[in-house]
Structure formats: C-alpha cells, structure tokens
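K.L.:
Here is what each chain is made of, one letter per residue.
There are 4 protein chains.
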Amino acid sequence: MVDPSLLILSSYTKYLFILAHSMALLVEKTTTGREYKVKDMSQADFGRLEIELAEVEMPGLMSCRTEFGPSQPFKGAKITGSLHMTIQTAVLIETLTALGAEVRWCSCNIFSTQDHAAAAIARDSAAVFAWKGETLQEYWWCTERALDWGPGGGPDLIVDDGGDATLLIHEGVKAEEEYEKTGKVPDPSSTDNVEFQLVLTIIRDGLKTDPKKYTRMKERLVGVSEETTTGVKRLYQMQANGTLLFPAINVNDSVTKSKFDNLYGCRHSLPDGLMRATDVMIAGKVSVVCGYGDVGKGCAAALKQAGSRVIVTEIDPICALQALMEGLQVLPLEDVVSEADIFVTTTGNKDIIMVDHMRKMKNNAIVCNIGHFDNEIDMQGLETFPGVKRITIKPQTDRWVFPETNTGVIVLAEGRLMNLGCATGHPSFVMSCSFTNQVIAQLELWKEKSTGKYEKKVYVLPKHLDEKVAALHLGKLGAKLTKLSKDQADYISVPIEGPYKPPHYRY
Amino acid sequence: MVDPSLLILSSYTKYLFILAHSMALLVEKTTTGREYKVKDMSQADFGRLEIELAEVEMPGLMSCRTEFGPSQPFKGAKITGSLHMTIQTAVLIETLTALGAEVRWCSCNIFSTQDHAAAAIARDSAAVFAWKGETLQEYWWCTERALDWGPGGGPDLIVDDGGDATLLIHEGVKAEEEYEKTGKVPDPSSTDNVEFQLVLTIIRDGLKTDPKKYTRMKERLVGVSEETTTGVKRLYQMQANGTLLFPAINVNDSVTKSKFDNLYGCRHSLPDGLMRATDVMIAGKVSVVCGYGDVGKGCAAALKQAGSRVIVTEIDPICALQALMEGLQVLPLEDVVSEADIFVTTTGNKDIIMVDHMRKMKNNAIVCNIGHFDNEIDMQGLETFPGVKRITIKPQTDRWVFPETNTGVIVLAEGRLMNLGCATGHPSFVMSCSFTNQVIAQLELWKEKSTGKYEKKVYVLPKHLDEKVAALHLGKLGAKLTKLSKDQADYISVPIEGPYKPPHYRY
Amino acid sequence: MVDPSLLILSSYTKYLFILAHSMALLVEKTTTGREYKVKDMSQADFGRLEIELAEVEMPGLMSCRTEFGPSQPFKGAKITGSLHMTIQTAVLIETLTALGAEVRWCSCNIFSTQDHAAAAIARDSAAVFAWKGETLQEYWWCTERALDWGPGGGPDLIVDDGGDATLLIHEGVKAEEEYEKTGKVPDPSSTDNVEFQLVLTIIRDGLKTDPKKYTRMKERLVGVSEETTTGVKRLYQMQANGTLLFPAINVNDSVTKSKFDNLYGCRHSLPDGLMRATDVMIAGKVSVVCGYGDVGKGCAAALKQAGSRVIVTEIDPICALQALMEGLQVLPLEDVVSEADIFVTTTGNKDIIMVDHMRKMKNNAIVCNIGHFDNEIDMQGLETFPGVKRITIKPQTDRWVFPETNTGVIVLAEGRLMNLGCATGHPSFVMSCSFTNQVIAQLELWKEKSTGKYEKKVYVLPKHLDEKVAALHLGKLGAKLTKLSKDQADYISVPIEGPYKPPHYRY
Amino acid sequence: MVDPSLLILSSYTKYLFILAHSMALLVEKTTTGREYKVKDMSQADFGRLEIELAEVEMPGLMSCRTEFGPSQPFKGAKITGSLHMTIQTAVLIETLTALGAEVRWCSCNIFSTQDHAAAAIARDSAAVFAWKGETLQEYWWCTERALDWGPGGGPDLIVDDGGDATLLIHEGVKAEEEYEKTGKVPDPSSTDNVEFQLVLTIIRDGLKTDPKKYTRMKERLVGVSEETTTGVKRLYQMQANGTLLFPAINVNDSVTKSKFDNLYGCRHSLPDGLMRATDVMIAGKVSVVCGYGDVGKGCAAALKQAGSRVIVTEIDPICALQALMEGLQVLPLEDVVSEADIFVTTTGNKDIIMVDHMRKMKNNAIVCNIGHFDNEIDMQGLETFPGVKRITIKPQTDRWVFPETNTGVIVLAEGRLMNLGCATGHPSFVMSCSFTNQVIAQLELWKEKSTGKYEKKVYVLPKHLDEKVAALHLGKLGAKLTKLSKDQADYISVPIEGPYKPPHYRY
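Note that the protein sequences, when read in sequence, are chains S, D, R and H.
At position 89 of the first sequence the residue is numbered 89 (the UniProt record's numbering), and the sequence of numbers has no breaks.
At position 72 of the second sequence the residue is numbered 72 (the UniProt record's numbering), and the sequence of numbers has no breaks.
At position 439 of the third sequence the residue is numbered 439 (the UniProt record's numbering), and the sequence of numbers has no breaks.
At position 412 of the fourth sequence the residue is numbered 412 (the UniProt record's numbering), and the sequence of numbers has no breaks.
Treat the hints with care, as some may be off.
What the simulated footprint calls covered on chain H by chain R, stretch by stretch (three residues with Cβ under 8 Å from a Cβ of chain R suffice, anywhere in the stretch; the number is not a length) [said to hold, decoys possible]:
id, stretch
1, 43-50
2, 160-166
3, 183-190
4, 245-258
5, 434-447
No farther apart than 35 Å at their CA atoms in a straight line, the calculated lysine-lysine pairs in the DSBU-like style are these [unchecked claim]:
id, chain 1, residue 1, chain 2, residue 2
6, D, Lys457, D, Lys447
7, S, Lys457, R, Lys457
8, S, Lys483, R, Lys486
Partner residues aside, some chain D positions facing chain H, computed with beta carbon under 10 Å [to be verified]:
id, residue
9, Leu25
10, Leu26
11, Pro73
12, Lys75
13, Val194
14, Cys319
15, Leu324
16, Lys350
17, Val355
18, Lys449
19, Gly452
20, Pro462
21, Asp466
22, Gly478
23, Tyr491
24, Tyr505
Hints were generated in silico from the structure; no laboratory data involved.
All figures in this text were calculated on a predicted structure; none of them were measured in a lab.
Cβ atoms here follow ideal geometry from the backbone N, Cα and C, with glycine treated the same way.
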C-alpha cells in the first residue's frame, strides 16, 4: 500500500478552489486523428526548432535511433509516459517512436510542461496531454488520458517520473478488486490528503463505466521504468509489501542518471532559475543549501563558483564532512536563517523551511526548492499566515510580505521545482544521459517480455549498459578513451570491454 | 573630430530597410504632462515591482538618497541620460530625481531597453524615450528627444554610455559653426557609415528650424559623466584633438566600475544570456573567449566554473600569461575554430569572428559578443554570404545555415551585446557600484559648476570617492572593515580614513 | 592462491643487488625490554612533538580514546600492524594501546616510514620494525618481526595495508600444510617474481625451526582489518577461492575512507609531493592524470585549482564523462605525451607510462605515481634502456636522460607513491577518518571474537559506524548537524539517529 | 632621510644575544681567487643540479642569454645584488654574468638563502656572502662585503630587494658628509631600533679606515633596480625628500612582477610553506587572510581551492568588495580570532596579529606571515609574554604555549616570510618573470649610463618592455598569440606590435 503522505501536498487554499471548480476538459484530435490536449498548437513550429537544436545536444538518444531504428524493436509496443513534457522529453518520445513505439504522454508536474514542446509532439509524433499550469484536477485527468489506449488495450510499457502513473494503476487495481469482492467503491472523503482524494474520485468514477479497466492494464503491462528517487522509493516499498504488480527498472540509480542529472543538471539549472526569476547577483551573497546529496552538491558548487558564500545544512554526518572538505560551512538552518540571502532546499524530505524561518529572514531573501515536492517549503504555513500579503512579481516569482515587519521573502515556483518552474529544467545534454537509460530500460523490458527474466521486482540496469550510456556521450565532447591491453585487463581482473567497476563502486 | 568608425555598424540589409522606411514617431504625454515614448505603458506596475526589488540590491544608490536627498543638491539641474533603459537604470534615474534633478532619458542600445522599466519611469519619474528593438532611425530620434528640453533650455548635465549623446552635441555644434560660417549643411551621403548618415540627417534637418540649438546646449552644459570604455576612448581622442566642448568625468575607470561591472557583471550575465538563449549545457563544452581583459576574465571564469574547457585568444602577452596562470589555453582562433562549441567576443575591437571562421565551425556552435559593438562578429559577412539561410529560433537567437555543409551556427542578439539582448544585463548589485559612481560624478560636476575646478578635459574620480562607492556596498553583504591605528597609518604613510592606495595600484 | 603479479615489482637492477647483499639485521631492545629496529632513536623527541601536533588534528582517534579508553576493550589483545609507519600511524598505534592492546608494527612500504615517528613509538609505546629506505629483504624481515610474538603466541588481530602481513600468514600456512603432508619446502626459484622469492625464502627458513608457526598464528587469529584497494582485492580473491583463513573487515570501502582519504588526501598530498620534490610551478603547466577514480579525481582537482590545464586518461566511459563535466579533456596518453609537463598515474593498474612514452616527453617532464605499485610506471624499462643516465637530484628525485636526445624526464620516488616518498603522505585529519575506521573494525572483531558473528569472509563496516566516524570529525571543523524530527524521519523511512542512506548510495 | 621604522624589527631576545655576541667572520676564496662566505661548499654540486632544472623553468632569463649574450652588454659592469640567494636568484646571477657582468651578492633576508644555491654560485660564478640563518650582525656584514669591490672601485649597478644595499650607501654617504663637515661619527645609541644600530656601527667603523668609501660608491653608481614594494616605498620617499643619490628603476610595479610574483607566486608558495612546516590538512579549516592585495589574493585563492573556508580582513573597502565577490567573508580579526585555524598576514603593515590575539586562538592555530617584515606578527609581544613557553618542533616551526590555558599557537619562520623560511619561496617560472624585469632594468640603466636619460628619480619600465617580459614566457607554456591586422590596430589606436594598453590599465 502506498503511503499517501508521499503524494504531492499542494497549498491549502488552492485545494479548496480546485475542488469547487468544475472542469470542461475536452480531448482534441489532429488531422490524422491522434488525440491531444495542449495549450497552443500554434507553438508547434517553435517547438520543432528547439527540438532540432536539442537533438544535436542529445547524442545518446540519437545514437539509439541510429543503432536500433532500422530493426524497429518497439514495433507493436504501446508506451505511456508520465514525465515533464519538455523539449528534452520530446526528443525522448521521438526516439521511442523512431524505434517503432506508439506513445501517449502526460507531464508529471503541473508547472513543468513547455507548451511549445507539447505542441510539436502532439502535432507530429504522439498523443500529448499536458500544459504549463495545470490544476491538480487537470493533472490527474491528463494522467488518466495518457493511460487510456481505448478498446485495443494498453499500455504495454510505462515511462514514469515520480510514480504517479504507476500509482494510479495500483490504486485502480486495488479498488477494482475490492469492488468485485464487496461492491464497495473508494471514498474520497476517507483521506485528508487533497490530491489523493482526486485519485480516488477518478477511480470511483471509472468503476461505474468499466470495473476492469486497471486490472486489464496490469495484466498486459510488461513493466515500468522509473526516473526519480521518489518514484523509486515507492517501488521499493511496494516490492517490500509484495504489492508490486509488474516488473520495474530503477533508472534513477544508474550512475549515468543520479550522478549526472542530479549533480551536473542542478549545477546548471539552479543558477539559471535564480537568474531568470530574480536577476539577483549571486556573487557576494550568503546562500544556504539544505541537504548535500547529489542535488545539493550540484547546487552548492554552482553557488560557490558564482561567488556566493555557501552554508550547508545536513542530517547525515558523512555528507556534512564532504561539504566541509569543500570549504563549506555546515550549520543548522536556525543558526543562519537571519543572515542568508538565498535558501535552496534539496533534501527530498518535508518541512525543511517553515513559515517561522521565513519570518526571520532578511527582506527579499529568496526561498526556493529544487529537491522534489513543494512541501520542502512550508507553503501552507506561508499562505495561511495571518495578514501575509502575496505580491506576484511575475509568474512563479512571488514576494510574500509579513504584516509584522513589512518585510518579505521571495518564493520561487510556489515552492515547486524552481528549475522547471522558473527556467527550462536541466539542459539537453545531461537529460540525454538520463533518457538514454530510459530507452535502454524500455528496450530491455520489451525484449524480455516473454522470457520471465524480470519478475515483479525492482531492478537496476546492469553496469555494462550504464557504461554504454556514458560511452555514447563522449564523442560529442571530443573525448577519446584509453583501451586496456589483455594483460592489463587480466591484471585488474576485468574484461577488456568492461564493465570496469564492482557494483558497490561509488564514482 | 570623432572617428566615425567607432560608430555602431549595423547589418547591411537592415540599413537599407531602415533608410527606406518612413517613420511616424509621436511623443506622448502623461496626465501630468511629461513627455515619453515607450512600448507599453501597461507594464508600469510590473516595472515598479521590479524596481522595488532592485532597490534592495542597490545599496550605493539608496545610500545616496539617504545622504543627499534632504539637501536636494540637484535642485534646478536638468539631466539627460543616454544609457540602457533597464530596471537598474530606473533606480539610478530615481536617485537623480530624489536628489532634486529633472531628467530625460533614452537608451544607448537598440535592444537593451526593458520595456517595463521604461514604462514605470515614464509614468512616475522622468521623460523616457526608449523601447526594446528600436530601429537605428528610431534610436537617434530618441536620443534627440532626450536632449531636447524645449524653450527653457538644457540639459545641464549628461549621463552618457558609449558617448552617443555627447557625439550628437559635438557633431551638432560643428555643423552649426560650419553653417554659420559657410552656410553649408551636413551631407549624409558624404559618409559610407550608415549610422553616421542618420546622425548627419538629424543635424541637417535641425539646422533648418534652429541653427543654434547645439551651440546653446554646449554653452549651458556643465559636463558629462561617461560610463564605458568606448565612450571614454572618444572623450580622450577629443581631449587630445582639443575639440572637447565641456568637462567630462570618466566613470569607466573608477576601480569600482571597471573591475566590478566588467568583471563580475559579465561573470554573471554571460552564462545567463547563454542559458536563456540556448539552454545549452555549458559543462563539457569547449569555449573560446576572444580577449582576456576584464570582460574576458569574467567570461572565462564563468565558463570554466560551469565545467567548460576554455581557450583564450589574445594579442597582449601580459593578458595571455594571466590566462595561462589560470590554467586556460591560449591559441589563435584559427587553431581551434573547428573544435569549439561556444565562441564569445570580448575584445572591444572589430573583425574578431569572421564569416570564414563561422563556416568552419561545428554544427550549432554558438557565436556571441559581450564586448561592445556588433562588429566584433562579422554580421555583414554572414548576412551577405551567398545562399546562407537564417532561421530565427526565437527573438535574438538565430541559426544561420551555410548552403555548402547544411550545418549552421547559432548567433545571439544579432551580434550585439548578448547579455543585454538575450538576458537582462548585469545584476542590480554590480550596477549599483557603477551607477553610484555616476551619481557622485554628477554631484561633483554640479557642485563645481561655477568654480572652474573642471576644465574641458577628461577626469577620473579621486580615489577617496572610489573607495566610498565600495564602502557603501559592504554592509549589504555583511562585511566589516578593519580600522587602521594612527601608528599603522603613519607606518604605511596613508591617512587613517584613506585613500589607501597609490594612483597606479592595480587591484 | 594469491596472484603473485599483485606483489610489488621493484626495479630490476635493485633486485639483483638485494639478492647479492648480505644483511646483518639485529633486533634491539628498549630499557623496558621491548623489541625494536628503527633508524635513529635520537629522533624520538622530535617524533613525540609531531605526534602531539597530530593528535589535535585526529579527533576521531582521540574520541575513541575518550570513549573506550576507560573500559580497556583491547585488554589482552595482541595486535600486529603492517602499515606506513608515519606520525599519523603513531597516533593510531597509541590509540590501540590506550584501549589496552599490545602492539607490534612494521611499515607496508620501503620508503614510507617517518623515522622520527618510528623512534617515538619504539621508545614509548610499541615494538616497531621500520625505517625509511628498507631493501626488500629488510622489508620482509620487518614484517616477520612484527608477526613474531614469541612463545606466548600471537597476534590476535592484524591491521593490514596492502595485505602483506596477511599474505605471509597465508603462504606460511600453505607451506606448513604441504610440508606436513609431503615434507616438501617452498622453492624460491619456482617463481620469477623477485619479491615473492623473498617471501618463500623466509617461510622456507622458518620451517626448519618451527614447522607450525603460521598454523598456530592462523588458529589464534581473530581477524584482519585491511586498509587499501589492493589488499581488499586480494582478500576478495581468497574469499572467492575459499582460501581465506580468518575474518576480514574491508576498511577501504567505508565511505569515510575511500571517499575521503583517496580523494581529499591526494588532493592535498599530490601538490605537496610535487612541490617538495621539484619546486616546479604548477600554474600554466599541462598535466596528465592517468585514471579518474577517487585518487585521480583528487589529483586532477588539485592540479586544476593550482592553475594547471589537466588532461585525463580513462578506460571507463563513466569516469571519463565525469572528467568532461569538470572541464577536463579526456584523451589517450599517446595523443598528449609530447605536450604535457606533469604526468601522474592513479590507476591501480600496471604498464601505464612506458619507457617509450617517456622518450617522447618534453625535457624535464615530471613523471610520478600516486596510484599504488611502482609498476604503473615502467621503471624496469627505464632502468634498462640502453645508454640511459640517471642523475639523482636529491633522494627520490631522479632525472633520467636519454642518450638519443640528451633530454630527460624527472621521476619521483622511483615510481613508488610520490606523496609518501617525496612528502609526508596524507595529512593527519583525513587519516584520522581512515584510522578511526580501523580502530572500530578492530574493536568489532575483538568484541565478536567468540560469537561467531564473523565467518572467514570479507565484511564492510555497517553504515551506522561509517556515519559515526564522520560524526567524530565534525566538531573539530566547527560543524553542527541538523536533527530530523520523528515526523521527517518517518516520511523518508529512516531512523532519527541514522543510518540515513541505502547501502548502494554513492555519496 | 629613511624612516628607521621601515627597518626589519627582529625579536627582542635575539637582539640582546646578537649584540653580546662576538663574531669571527672571515672571507674565504675559491681556487680562482674569488671571495665568498657560504655555509657548505660541498653542496655546490647539488646546487648546480637544481640550477640546471630551474633554467628550464626560467625562459625569460634564458632568452636574455640567447638574445644578449653574444654582444656582452654588461662588459665592464660590476653589479652588487642584495636579494634572497636562492636557486632562482642563481639563474639571475648567471644571466648577468653570461651578459658580461662581474657580480657580488648577498641575501636580503636572514633565513632565505638556499645554501646549495649559494655554494654553486660561489664556486662557479660570483662572489657570494650568504647562508640560511644569519644573525642580524652577520646579515649586515654580508651586505657590506657584497658592496665592497676593493681598490678598483664599484659597484656600478645594484640589484636590490627591500632596499638594504641602497640604504647602507645612503646612510654611509650621509655619515661621511657629516664627518667631513663636523668630524662627528654616527652614534648607534642614538636609535632604539636595534637593526639600525648595527647599520650605524658598520658605518662608524668604516669611517675610521676610509672616510670616502660610500661617497666614491655613490659617484660611480649608475643606478639601482629595486624588487619589492617596501624597497620601492623607500625610494619614493627619498625621491620626495630630494635625497635619492642615483637613478632607480622600480621593477616591483611592472605588471609582470607585481601581478605575477605577488599573486601567483604566493598562491603556490603559501600552501607549500604550510604543508612543509606543519603537514596540516587545509581542507575543512577556517583561514584568516589579513590583507587582500595581490599577495592576499594569491593566498586566499590557494586556501579556498584547497578546501578551506577563508575570511579576509581589510582596511580598504575596494579590496574588501573584491573579496566578497569571490565568496569570501570580510570581518575584523577580533571577530574571528577564536574560531579560525590558520592565520596569514599579507598586509605590508605592522602590528596585525598581536599577542593578545594569539592568546585567544584555538590550540595549535597556525600563525604566519607572507607579507614582508616579521613585525606583521607581534613576535616581541609573544617572546616577552610572561610565562610563555617556546617549543621548537623543527627549525622555523615553533609552538608557543601560554601559561594560563596551556594551549599554544604554532608560529612559522619566527614571523618572517614563511614561504622562504619554511619552503623554497616562489617557483622558478614566476621568478623568471620578476628577474627578467631585473635584467632588462639593469641593461637599460647600463646602456643609458652616459646619456642622462635617467635622473636621480624612480622610474618604471616602459610598457613595451613589460609586455616583452610576458612574451618571453609564453612559448614554454605552449601559448600562441593572435596578431592584430593593421586595420584592427588602427581601429583601437595601438601599434600592431604593442604596447596594447594605456598606462593606467589595471590588468
């Protein structure tokens, strides 16, 4: 059973609005009859231009097209994706279709869609249901659409980011089993979690028209490949509980994903987001990075290099000692809250920066999150603080003024991922590493669909595939590898062609 | 006599268009009767919000308001400014008005205006004539408007950036003297330089209605304070030629300007511009920085810290040796043109990256300029290259495809300053250093207007004022200075309160 | 059976010398009757002073004394150590004795002993057999002495670095079993490996006087804790072969060892060694770092930060891509051998820089190894190159001149670990991390000696002990950790007090 | 008149000892009859080997030998040098002799001589009077010897560092004039400054045997070239007072000196000195750098890059703002004295770290000076502190323990330049820049000796010579310059072949 606390906790006032709001969401169709729902189809040309630029920066994906395209390995495969609908994801989608797949897609975050990317893909390649600034209700409607392959059935495979598509199927199956057994339907009011209420509502409403929809889905499903820490955590919990319904490949823990996307991606996109949202000079400022995992390491490096003095908060003494070795100060948030100018959460935990912290900050201190959910920052506490005033400078850049001091803090992207909300997320090159892992994972699941190689468990990609992903990205950067001699390979007991490291190697 | 080659050389095709184009430029008026011409007055509220944010980041300017505001030292002074009409400049303008001045303003670059800043100032504080994306003809019309104080006369003081306002007056006076003496009016066709043709046209047309306009201006003018290297160079040329018509303060060579704005400003705004324009991952790429002066040093530092391998081109062996000491490679452009991914010009010279270089570059190599004029990059050669195809990805981001190879280069901001064209220029804090120098220079000129202290020469601010500018920016960053004892001050032969360094000290 | 190729391959000419050389090695005794053999007992006071300084820098070890000293957990334990006899090791040894142990020690490298450290420990705390510049024959004599606890028997525990003490016991037991079964003694001439010949000689000679020495040792032995990659590799091979005779704890793969000592230790001690040996300016030079594992990462960071341009050679595409993300060039040695100034091997493999490479290098190129064995550099090829001339600038700094070009390369520490040979190895603080792992591993083995918890296998320390080691080093650096709330700990499913990360986490 | 406070203030207890001490200093002679006094002539071979290594690293000096050697421009010139007698200086001396000069040399610091360098030069090339660890009395004896060219007269030229040779001549001339006029001899007891007492004693004693020695010297002297800030300051004072007796070239303020030697030299040699003296791990430590001029910038960069958190103290707001832009904290020493681990003075002022600061420091805090005189640190206050205990760990590394707390601080090089005292000073390459300026300055003075070009004033080298020095160092580092076209040179109004920058350019 999935822990509902892992669901996105959006802000209190918005929930009430959403639930009261009646939607009129209609699927549209291209001239070729493919379904979609995007913001503005006229942006498709612009999207196409940026996709073409991104292709040059994504050598791993383009190599997959060259290597696998001719044999059409995905022929017959229906793939549903739930992953930020950006330009980079567009190149991923068109790699899947270039290999023969049919694809339906939604975003895994209400703010992360790039509308021109969505338009280009919807027009040219796949069924897309995504736009920047969805409500939570719209968000789950899109997810449902992306999973709905109609009478022919599907999907065969899922590309997931955060695990929401996987969650919907698991909750759907659970409800259908209960319904079959007892006739009971899910009760949204049984939970306090507003987003989970939406999930239950969707499932309840579906039960009336088709009480076997998710059961059929699960029976057909070959597997899921999951992109992030949070989604992976859910999968391992389900594996531990014995409730996982199909095989899963943990793409997040490929070295070429977690040690690249999380680290180098954030090193790039944190300052990008800060600069686009606030134009603030980073040099000379005091920054606090909450958490010194891969994301925190990337953020701290970026801020330090830009001339900021960086303070790290950590719970883990090992990560804390790493921060110290880089010349960073390690202190609790309480000790520095009134001195710093920029606060970044990267923990993957909740309740990191609370409204009581924000009240003590300097005027116009910047508060943002690049970890995962918006509950790293106490948005609910901020929004419901008596007398607080919200001044929207521009979309995703809000100044919140406290009545007592008349000073304010600047919160980015409403506490959600600021690099996706205020900028364009990670750059193409590093996403090519992550997404090449996705393609390889999908290929592996599909190739082994009938062999029983993958049980209802969570797997990581074998190291030689991880190394292959890296190798596909070297040529673009002008690198040449050294080759082991047979003698040298024997000496260190590895095959000449790799893999070169033991599984526990930390890079 | 000013060297017309120093004028902005815009692209060939655009010139033809501009000259053929008939304008309908009308001055508008606020409800209080103040003149303006901006893009969209409805952006004034947004501009105001960003101005308020910027104020917190510009302690030098805000300290001037506190220190000098009560005594209204600019009472009666009419100031014309020709300087990028950005949010930061808005804070400068409102500092001048807070000290009692009346102000008219235009931008010194056709792409650099932030329209919301222009709107807020036009509505609230000063006469503004500026918008993003002016034609050259519009540009000079705006300059003329900013200098035109009507029957009462003016300006008393000029804030200049690049020297265009100063140029117009000098050329105007020259023409009026010639006209008085010989009855001859300027002949635009006497020059090949398209922009200079516009200048001569404006002056010629003005002569008909008022043959003493610029002469009266020059007689009234107390002086100019100049912001940049290029403008300063013009001033020193005029001083050497004996043609300088009024005193000038060289703000550019204040340490707190050239060693901050140029260096730390570009370190911030180069990656900002690259990321906004192209979203390209800088890590892993090979970059070429042409020129290793202050601007080049800032750019190279930013690129290196972002994980790029940086190659520098230099003519000056001392700067080249500095680059080497930082681990950068120093090679001529020819040696690396086909290997690099990102090219940045910072030289202040012309003809740095020619179309023949661009033809040899990798597909989608990025070419941009953060030096000064767009002639650092051979835009004319590119635009007139037979069969070349221009694909505008988005405004200020163009892909130019060569027919022979079908590969292209991505040129930012049409070869003009990419940090202003593709991003928002330097951040507020570093501009506060530059602009506080401007305020202090203007105060100095105005205070000494009748004392004869300043002759028709170029001056730099005395070191104690330079140090004062720095001091005003320390508190915001939490710094505390050490104080010399009397004994220590005597030991190193400086006053306790400074200045602390000899004039030739290099910082 | 241990692969003899893993043994130290010393230089050819020295072998011949050593074998021809007759030794007169006599054990000496302190006034209290403790055995020792060191270079110069008069350096004991100097050693003591430096030990006292090091104690302040080794908070992990000193905390162990405070926490465990009173209960004397090692009471009755006889510990043999084979690990570089440096000042830092002295603090380790005296931590073991402070916890109740009796200790005998030898170095694990012929060049790494600091003679003043050896003298201080020999005088004050433990039986030491070590000096800087041992011959290989002396080296193995020292190892034998350290293992020889006399009639009372011992050791109970081994602290090993590289696995030589463990090797001697395993080979000894094998020979004794063979001898008992067949009466055959080991034949040194059965191997080409000169060092292994010495091992067999020692064992053969011992068999005559006591044919059960190593068998009794193995029966008594509670276990070994091993410090380095190479020793760990040997242990895993023996585990795989089923020949491991006692439990082993792999200290090397504690995060607080491999990600600190290897990375930050080398970042410190590589430039230290370069500067002490050659005084060469690192800024401006081109460096080649062979291998980009933890050691290579530390070296490359140090060289880059000192202003060198760094090129990396790699076989592993993942590590290569990491290097690229840091702005380093990745090329094979062949491509850069004639352009670089400094060459550093960090691979843990053999035959990295061959004499044919060295012939092509620039005059006075520096060649050194900080990986492990001196066979990373082709010392034998160099020494036997026809007409080559060796000019010893000072001990451990040799210029080798090739007859053809009359140019030379400068080889440090005869190809052995240059940070230990030319400088003083890693600094105390980072060694405190490594050695606190050793103390904790020894405590764990000893505590569980009768419980059967540890079988004849290789173990790593549990993560909570790894985290504890880190925690003990934070206070010295002024760091304060953040504490999880119960709610937060539950949210991410970890105990409040840790461990905080899954086993596969890469840091 | 020279300010005696500028003289080296040595420690109190040593003064008393020195004055009470009777010396027996005898000049020795080589087989060729050249005078010398060095520590150990048997080190000459070792010195020669290191000189040969250094030659490869000093391309500027070697280029001078190639360019000027054949024409023997110094033929007939007698040059006295007072400058740290190191390996690098040896290459300078042999460049002067290679160009035809005859040379006598002493060191300008009692600790900075490298005895093997002194021996090699004494044996092979020039008259040397220098050893590591001179008393002050010995120091001035050496200076006197270096100036004494015997009956033939001399020197013609002086190479000075700190100005002591220049001082002795000026004081000597003053005394001789007074003596001629009034018969009065200098009275050492007229000053409290112990070192100045020694100077007066030497002059007084000389007056008896030759009352015109310094007068003849001054009449013959063509000029001096001065190496450092302190010496230059003395020269400008004498110029201002009208007491300068001969022309002086200020080498210190060549860009290729002050922006290289001071900055990059210290970036190299500060960590070198720290590591050799204390082996302390720099990563993780808190460092305080007092002063953020060129030396401070180099030190702060080195410490930051090694992983230390760096705090800067400054009196100058401009330098303070520069530190902030690099992410460094700026605070007064008082605020951080009890938290930091490493303290470095770089101010060129006195009384920076007082004994009262040291009493409050953490146990084993490291205190050192890389600025200039040992009075940056309050050595006298420390030595005379009641009950303080000095424990010499090794030469130049002392632990001073305070009675009250029984904690101590570690003071390097007795408060003198720690990079020269504890390590080997700046590396050859950067010294090649400085010393090539010296050679060029000496050539210039000698060439113009009869032209009257140089008056009794202080000059800096013209920029084209500064650029030439840089250019001579590019090839060694593999750099290639870009060449200006005629058109480009005209555009920016510089000659094609340089100089490229205006005199006030700051680099």
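K.L.:
Evaluate each hint against the coordinates.
P.N.:
Status of the hints after comparison with the structure:
Closer than 8 Å: that is the beta-carbon criterion, and the stretch 43-50 of chain H has 3 residues meeting it against chain R, so the requirement of 3 holds. Look at the stretch 160-166 of chain H against chain R: 0 of its residues bring a Cβ nearer than 8 Å to a Cβ of that chain, fewer than three, so the hint is violated. Residues of the stretch 183-190 of chain H lying with their CB closer than 8 Å to a CB of chain R number 0, which falls below the three-residue condition for coverage. Coverage of the stretch 245-258 of chain H by chain R is violated in this model, with 0 residues showing a Cβ closer than 8 Å to a Cβ of that chain against a need of three.
Residues of the stretch 434-447 of chain H with a Cβ under 8 Å from some Cβ of chain R number 0, which does not satisfy the need for three, so the listed coverage is violated. The hinted pair formed by Lys457 (chain D) and Lys447 (chain D) meets the criterion: a straight-line CA distance of about 17 Å does not exceed 35 Å. A C-alpha spacing of about 29 Å is found between Lys457 (chain S) and Lys457 (chain R), which places the hinted pair at or below 35 Å, so the restraint holds. Using a Cα cut-off of 35 Å, the hinted pair Lys483 (chain S) and Lys486 (chain R) is violated, with the two alpha carbons roughly 51 Å apart.
For Leu25 (chain D), the suggested interface contact is broken, since its CB lies about 32 Å from the closest CB of chain H, more than 10 Å. Interface restraint check: Leu26 (chain D) against chain H, minimum CB-CB distance 38 Å, threshold 10 Å, status violated. For the restraint placing Pro73 (chain D) at the interface with chain H, the shortest Cβ-Cβ distance is roughly 23 Å, beyond the 10 Å limit, so the hint is violated. Interface hint at Lys75 (chain D): violated, since its Cβ lies 30 Å from the closest Cβ of chain H, which is beyond the 10 Å cut-off.
For Val194 (chain D), the interface hint is violated, since its Cβ never comes within 10 Å of a Cβ in chain H; the closest pair sits about 17 Å apart. At a threshold of 10 Å, the smallest CB-CB gap from Cys319 (chain D) to chain H is about 7 Å, leaving the interface hint in force. Because the beta carbon of Leu324 (chain D) sits about 5 Å from the nearest beta carbon in chain H, less than 10 Å, this interface hint is met. Taking 10 Å as the C-beta cut-off, the interface hint given for Lys350 (chain D) holds, the closest approach to chain H being about 5 Å.
Contact between Val355 (chain D) and chain H, as hinted, is not supported at the beta carbon level, the nearest pair being about 16 Å apart and thus beyond 10 Å. Against a cut-off of 10 Å between C-beta atoms, the interface hint on Lys449 (chain D) is violated, since the closest Cβ of chain H lies about 27 Å away. Of the supplied interface hints, the one on Gly452 (chain D) is violated, with its beta-carbon coming no nearer than about 25 Å to a beta-carbon of chain H, more than 10 Å. Given hint, Pro462 (chain D) at the interface with chain H, is violated; its Cβ is 13 Å from that chain's nearest Cβ, farther than 10 Å.
The criterion of a C-beta within 10 Å of any C-beta in chain H is met by Asp466 (chain D), whose closest approach is roughly 7 Å, and the hint holds. Hint status for Gly478 (chain D) relative to chain H: holds, with the closest Cβ pair at about 8 Å, below 10 Å. The beta carbon of Tyr491 (chain D) is positioned within 10 Å of a beta carbon in chain H (closest approach about 5 Å), and the interface hint is therefore held. The interface hint given for Tyr505 (chain D) holds, since its Cβ lies 8 Å from the closest Cβ of chain H, which is under the 10 Å cut-off.
In summary, the structure is inconsistent with hints 2, 3, 4, 5, 8, 9, 10, 11, 12, 13, 17, 18, 19 and 20 from the numbered list given earlier, while agreeing with the others.
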